[in-house]
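Given these sequences and hints, build the entire structure.
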Amino acid sequence: MSDLVLSVDVAAPAGTTWLALTDWARQGEWMLGTSVRVVEGNGRSVGSKLAAFTGFAGIGFTDTMEITAWEPPLRCTVRHLGSLVQGTGMFQVLSKGAGHCTFVWAEHLKLPFGLLGRAGWPLARPAFALGVRHSLRQFARFAENYSMGER
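Numbering (the numbering used here), first residue to last: 6 to 156.
Derived by calculation from the structure, the hints in this document are not laboratory data.
Cβ-Cβ distance ranges computed for the label pairs, FRET-style: (1) Gly38 - Gly102: 32 to 42 Å; (2) Ala103 - Thr67: 37 to 47 Å; (3) Ala103 - Ala74: 20 to 30 Å; (4) Arg42 - Ile64: 14 to 24 Å.
Model, not experiment: these values are computed from the prediction. Even for Gly, the Cβ is constructed at its ideal location relative to N, Cα and C.
Here's what the structure looks like:
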């Protein structure tokens, strides 16, 4: 298993940040190379399932997830159900006052490809973390300007 925990400060209220974060259909506006859709349930409750396609020009993979904890406006936890991505993920919003918060993205992943995956992770991790950090910076801007219903 491998852990990755990254965060970003957001100049927006925790409630607004939560709404921006859980607007699954719009995650592609801030998450690098990823589009997300609800495939089962309402996307706002335990048991709902999400499918996140990550890739470029139609080449990539789909990460199917099930929401295992739904605690608005604080935390959403998912279990990765795919053959490539397995483990758990957590999005958390920590209020820092009326107009500020911190968004924390945490992953606890079972690395794919057995021994090869474990051996390659030290090389792949920096690139993965770089992509997540980029997405977090994009998310902060997205949340700071978030308005429901815009596309």
